[in-house]
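> So the chains spell out like this:
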Amino acid sequence: MKKFLKLFFYIFFLIPFLPQVYAAEKVEYLTTDWSFKGLFGKFDRSALQRGYHVYTEVCSSCHSMKYLSYRNLAQEGGPEFTEAEAKAIAASFEVTDGPNSDGEMFTRPGKLSDKFVMPYENVKAAQAANGGAYPPDMSVLVKARGGGVDYIYSLLQGYEDPPAGVTLDDGVYYNKYMYGNKIKMANQLSDGLIEYSDGTKATVEQMSKDVTTFLMWAAEPHLESRHKMGFKAIVYLIILTILVYFSMKRIWSRIETKV
Amino acid sequence: MSDHEYTPKSNFGKWFNDRLPLLTLANHLTDYPTPKNLNYWWTFGGILTFCLVTQIVTGLVLAMHYIAHADMAFDSVEHIMRDVNYGWLIRYIHANGASMFFLAVYIHIFRSLFYGSYKAPREIIWIIGIVIYLLMMAAAFMGYVLPWGQMSFWGATVITNLFSAIPLVGEGIVTWLWGGYSVDNPTLTRFFTLHYLIPFLILGLVILHIWALHVPGNNNPIGIDVKKPSKDTVPFHPYIVIKDAFALLMFMIVFAFFVFYTPNILGHADNYIEANPLVTPAHIVPEWYLLPFYAILRSVPDKLMGVIAMLSAIFILAALPWLDTSKIRSAVFRPLYRQFYWILVADVLILGYVGAMPAEGLYLLIARVATAYYFLHFLVILPILGFKERTLPVPLSITEPVLGGSSNLAAARDDSRLEKLK
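From first to last, the protein sequence lines are chains A and B.
Residue 91 in our numbering sits at position 91 of the first sequence, and the numbers go up by one each step.
Residue 1082 in our numbering sits at position 82 of the second sequence, and the numbers go up by one each step.
Same shape as in the complex, but just chain B:
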């Protein structure tokens, strides 16, 4: 929080602010001291807020026209596409918006991984973030069920069936989730209800996420603690606002390109076939953003162990602040970690690719190796690396990125190196 006490100028402002300090909050948000060396990878927080609001607003309009009934859902989506004014626009924004949301969240997460943003004192921000990510996956999965196409139906069947892996009570839980003995109308209506609820839960958590962020303040590319406010910081408004706006607009261009020119490229063609419980699609594939986890699930031969592996792959992230034993945050000063970081990025991309392929032969082998490496990275490499790695000297402040009098002085003043930090 800002250090100085804020008092509104007008008498009404004072009167109001004494009763509800909204103006103090607004002042805190505009004055919020932000490290001035934040690079464009830091703009994705704002972009994600935009994505969430877009999904809520478009979703609200869609819900006015959509009918959550097994016999009418598919028809009502076509009604939206054909007869509702600009219904095609709203729906394509919402459908592609989910993909854009995940694109942004993956960049946001991998930014945290690179710059060590999850480390003390920011563990709570990170854990709230993981919960948001989990809720996003739940919301996206349920949203994909609503058009009641073939992939909706069979995706829902596959994913809900995972719960049957739980010993003893598994089958009962699945029946309870379905509201019957197969995915059917009761499943659809409850998925619709939850799909409507979850974004508001996410919104609440986003507020907590930002609140928790504003206590220690932003991490930054060199990962050092920054005194605030100081020469190292700039007020959030106008500096960060305008920069976020610029990055958001670039993002919106990509978004618009998908919506207007390739609106169905990220979806599966089978979802334009109405759900049919008697016909199973040749390949049941989830949306692209769930593919790495789908690959992990399928790489384990045992169903229960597969489910456990998939869930662990997500929950392991919550333990990351304690698995990474290095005191240095930013990968800029961790030459070894930097390499392992890029291997992890490649590993996740490979998992995503094999997740889209049939689970057989070479693909299955690759999926198994990549899954093993994923866990190896978090459970073995990271803890050991913290003790073994020889890190580079870390500067004391952003404006003077040097250790007084060290031989790095010249190197730190070198523009090319500074460029790297930005």
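With the rest of the complex left out, here is chain A:
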């Protein structure tokens, strides 16, 4: 019993060290008080709405988000725009549909069921417009990068002048958090770049935080229900474990061997 409990605790103790085994190169990333971390972590609704704002105003001109639909914006656990707002957002985009009965493609305003409109027709077009580099799809970007949210948050604020001795080609920028420090995306954020409708001051830090929160939701749209269900499941398991423990004690008390 004691040994078993020990093992149990070792496993829990080891969990935080696991990612470090995978991370071959270690970089200290910036971090902030993410609202979605921890056992009861939830998204900050207004941060998600502001983050969506940053995404559409800044990121979406190059980065697609092909797994998201406009209906997701009104979904529970997301930015939770009202359905009317989400419809209005969808309608502000032109969607190519068809072919119609004449065999012609046509454009119409977007609907809730439409996927987020892509900035480029295809990967080649995206590369051609961005000096050969493909701006990655942002749907699962947070999960596709080793440092996760901290990495994205840091990258957005990591632009600086190259140190002496580092020469950069045309269209290449220096970012201290980028793998190899060279990035083809120019610095996108500057203080006051956009105007938040809720009056929040649009500092670089604030915008980085908001858009990263939005990207986290985009990658894990069911994070809130996962945390909620997880808490219930684990409490249930713990109670059941305690009951089974006492049943076990009772049953084994019929013989003199201890469990």
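Cβ pair distances, simulated, as ranges:
1. B:1176 / A:82: 52 to 60 Å
2. B:1372 / A:163: 38 to 46 Å
3. A:191 / B:1277: 39 to 47 Å
4. B:1312 / A:164: 46 to 54 Å
5. B:1207 / A:96: 50 to 58 Å
6. B:1276 / A:247: 48 to 56 Å
7. A:193 / B:1161: 41 to 49 Å
8. B:1086 / A:246: 28 to 36 Å
9. B:1277 / A:247: 51 to 59 Å
10. B:1065 / A:165: 48 to 56 Å
If you're looking for bench data, these hints aren't it; they were derived computationally from the structure.
It should be emphasised that the depicted structure is a prediction, and the values quoted were computed from it without experimental measurement.
Heads up, the beta-carbon is just placed ideally off N, CA and C, and yes, glycines get one too.
Once you've looked at the hints, dock chain B against the given chain A.
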């Protein structure tokens, strides 16, 4: 098998049981005499059965929504994560379930190593176990390919390319495995088919594994033969059932923690990037449970020899009942073996760690030393130890863990020592 003849009480039961003795089987399973001193390391057999069933059930549901096509696999996984009701839950259980399965199987294997469960008369149980372990690795590897992320694709490329090390026919075999000239759609569809098939093969082998176990009965922490049924045994139900249930629930708490709070910690971030044959990831790393073997593979400079070393590292386990020459099963009575056992555990953990690191410099050196030690343990230390080691006196039964009248009498009655055996 139980010694007494079982007859069902009802007339229908008798009629049915005469034609298909299912009730006799059920009776055997509940009455099965089990050594009463089994400790919690013995609960992992039941936990592993749970893992297998969980993987099959969740896998079945995933297969209803997954599309095994190079152009659609990644999208269909995202569809499962976003739009299928509780799809995220099913997928995270399945993905983390593989890790939990391996965690449990490693504990199960190392329990056997410690208590000598592989020794006569249990060699067949052990060998079936090794075959199950091999199939698990195959299933896990192919399963990791299915989401068609970067690590899926490049992992598949690296592992299938190992076959090209075979002289003369190697290249041909690789082309045959791929169904083309690179890892592509035909590779994905056949991996999906095999990934679906293998768990059922494992299920069949698990039944054989348990059947083979029920012939000699369980080994136990003091590693002696137990008369059954006797004062040393308890019926499987309710004693072992309730204990296994308790341990399983503890295990499920850890499992749930991974699924609900850190579902991606055991996976590699690159697998959320869709497979791209034109871009190679900076480091190609297999899942954590394959890392020790990956380290052995990379520690040998020659490709063919590396593959042979890696395979030998697994197959050497099948020869273990004959490599270990000691007549004493349990490490409790083998003071020297006990120390070498823990060195081996450390050695395997070190191999796992360097397997995740780039194969260069100090890491490579450590990997080579650890690989050499791994083989040294099985090929040299174990055979010699059986002859040289002075073992402690072994008790005659579980209830009287003493040799009649020996000076160990007091020591054996000492509670602290008994505690060790449990």
